[in-house]
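Engineer: Residues per chain, in single letters:
2 protein chains.
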Amino acid sequence: MKRNAVRELLKVATRPDVISFAGGLPAAELFPVDVVHEAATAVLRRIGGRSLQYSETEGIPGLREWLARRYSHSQFQVRPENVLITSGSQQAIDLIGRVLLDEGNAVVVENPTYLAALTAWRPFGAKFIPAESDGEGIRTDSLNDALAEKPKIAYLVPNFQNPRGTTLSLERRHELVSLTRDNDAVVVEDDPYRELRYEGQSLASLSELAGLLPAGPESHVVSLGTFSKTLAPGLRVGWVIAAAELIEKLAVTKQAADLHTSTFCQHLILELVTRGVLEEVVPLFRREYRRRRDAMLGALEQYFPRDAIWTRPEGGMFLLATLPKHLDGTALLPAALKENVAFVPGEEFHLNGRGRNTLRLNFSNASPERIEIGIERLARVISMKC
Amino acid sequence: MKRNAVRELLKVATRPDVISFAGGLPAAELFPVDVVHEAATAVLRRIGGRSLQYSETEGIPGLREWLARRYSHSQFQVRPENVLITSGSQQAIDLIGRVLLDEGNAVVVENPTYLAALTAWRPFGAKFIPAESDGEGIRTDSLNDALAEKPKIAYLVPNFQNPRGTTLSLERRHELVSLTRDNDAVVVEDDPYRELRYEGQSLASLSELAGLLPAGPESHVVSLGTFSKTLAPGLRVGWVIAAAELIEKLAVTKQAADLHTSTFCQHLILELVTRGVLEEVVPLFRREYRRRRDAMLGALEQYFPRDAIWTRPEGGMFLLATLPKHLDGTALLPAALKENVAFVPGEEFHLNGRGRNTLRLNFSNASPERIEIGIERLARVISMKC
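First to last, the sequence lines map onto chains A and B. Using this note's numbering, read the first sequence as starting at 853 and increasing by one per residue. Using this note's numbering, read the second sequence as starting at 853 and increasing by one per residue.
This is chain A alone, in the form it adopts within the complex (with noise of 0.2 Å):
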């Protein structure tokens, strides 16, 4: 439980003259700051005080509604009983946590993974089984060797990785999802970066094709998303869909844990979302982020030692570099913090002590002008320890 050293050493990335690829933050100047006060003025103006009362754990209805049809179509149809509102994803992965495990559960985990899943559900006890993963997402032989120590949940990132920007391919998701079902394990699908695609095909999700099966939507695959990056996270809103029978019980323990989320936040989503705004600005996102990504793999071509790699994700808002075996990217990081640049040693993303030489680069946050100098004084500080 004692905040480590890395994450010390990274407070000072947010001092301005830092260039950060450490971070996961959304470009904060193409929020719609105008149009989220249009939205705060008609909230309060039609709804009143009730938008600044208590509202039901569940989250209030018209917002459960409203993702319950977005996420619906004709093969597969969600029900406002199918989805909990959270604060955020992070709550969601919480909460399954205290719903589901039990000490010494087993959890598969692609390897790398999110790091904040796994500071989430270590305290419950949880024992990590990672499965390897290549550049379309986790391997299903080796998913299929995790599943013989029965886990109780499959976690995974299956669009743009967080930390590796990978995307799991639509074959390798049929025969997750059937596998995980044959051997009861429930999968958790955290897929916050789904509609920030730049290129090629979007992909049926986890619970779409596990909501063909006859179980439906009352499958075994629990899907979260979230608002923050699509809108904005400083609001707080993300929500679960899952099976009913679930959904009660996640909101039992959300009651404990907070309550609900902020009914204020929650509607002003709602209008929002009702008045369109997601259409006009995640293609902004999307058009600003392609444009980072691509300064951020240009500057690393140019900049970057030879023999490194790095993946070259379709969407979201990381890459993963591999330095040389030699080099190690904890031990990087306070020579880069003095050259003023940040980034997140891979390791921290990794069991069995593996990703010592990588690097997790996050690339939605500075400008492309910034990307390119901060490559650039990030290849000087590894060119140094070469």
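Worth flagging that the hints you see were computed from the coordinates, not collected in a lab. Certain hints may be false.
Which copy is meant is left open, because identical chains are indistinguishable; a pair holds if it fits in one copy or across any two.
[Stated by the list, open to error] Quick list of in silico lysine to aspartate or glutamate cross-link-like pairs, EDC-like style, CA-CA up to 20 Å:
{"id": "1", "residue 1": "K1177", "residue 2": "D986"}
{"id": "2", "residue 1": "K863", "residue 2": "E908"}
{"id": "3", "residue 1": "K1101", "residue 2": "D993"}
{"id": "4", "residue 1": "K863", "residue 2": "E933"}
{"id": "5", "residue 1": "K1237", "residue 2": "D1159"}
{"id": "6", "residue 1": "K863", "residue 2": "E1097"}
{"id": "7", "residue 1": "K863", "residue 2": "E1191"}
{"id": "8", "residue 1": "K1004", "residue 2": "D954"}
{"id": "9", "residue 1": "K1002", "residue 2": "E1027"}
We have chain A; now place chain B onto it with these hints.
Structural biologist: Then chain B, alone, in the frame of chain A:
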């Protein structure tokens, strides 16, 4: 973890034709909707996208500083490091349980006590030790007996307790602070109603009394506060004041629980309090709730059976009525709901099977007129069972 029968029954209490004394809802018609709108406008104009961005787990610095200043005085210095912003007081209760409680730890509570603290801490394996309370709060002799069981925590609501409405006397506050210190128990002072005093003198808080000790604010008292009762609960902003070392641990747990409390709601609150809105709004709440309390006390006097008694709170939102021994609050509830009046059976708040003949009555939400009608209806239901 199953929602109980009472909660299911009370779902109908939100129907407009039901006069509900069941919830703990503030009067939404008193919320400062126009000033919230002005504050939202000011925040979005001045801070822009940053008010919608991710922010620090501990809370935005300005709000921590404001709270530290507000609760400091010449003999009690609170620093920003002593403050953690939480998603309502409920989250503070949850986080404290997660950080401090291990399976089987003893926790002293008043009997009756706040239900949601029991619900939040039961999953962590807390063993609750009820201490008797009377019109002046938790009894020192009973506390002393309970401390013999080496509790980790003593939890109490010192002002206008939920459900009884009683207030811990100054003498007992001094005794409690010193007895718990001598017995190495952490005091959790849950103080949501502090500002809602309608008569009598405000008493020093337990954290202030402990702060007079050599330890200062780094004492064994953890104090929980909230803007839910003084501004609006739908923003979900509360706080913890405690020793800096404990705040740090709570923040690590909060990071895994929901990353941070809504940045936008925190900025809204900071803008509101900086504009002096509390000084305008809290007196309105006080005046109106006092009228409602008086309406309820008057109606109880007029309509309730001669052999019923009830508490007479100097503030807060609740009182507890005790019916003749042969009556059962839980058994009365369905009949009351049929008559369109709701309450929470007092048994819910009691340990050791006590309080079966008690009813918790909220007086903050309904108008004085509806309170009179509701109590008359309730008295009719009771008289049918007498």
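Engineer: Hints first: check each against the structure and report whether it holds.
Structural biologist: Against the structure, the hints:
1. K1177 with D986: Within one copy, since 18 Å is at most 20 Å while 70 Å is not.
2. K863 with E908: between (37 Å within a copy, 10 Å between copies)
3. K1101 with D993: neither (33 Å within a copy, 40 Å between copies)
4. K863 with E933: Intra 41 Å, inter 16 Å, cutoff 20 Å: inter-copy only.
5. K1237 with D1159: within (14 Å within a copy, 85 Å between copies)
6. K863 with E1097: between (41 Å within a copy, 18 Å between copies)
7. K863 with E1191: within (15 Å within a copy, 59 Å between copies)
8. K1004 with D954: So K1004 and D954 pass the 20 Å test inside one copy only (9 Å; across, 24 Å).
9. K1002 with E1027: within (17 Å within a copy, 54 Å between copies)
Comparing the model with each numbered hint stated earlier shows that hint 3 is the single one that does not hold.
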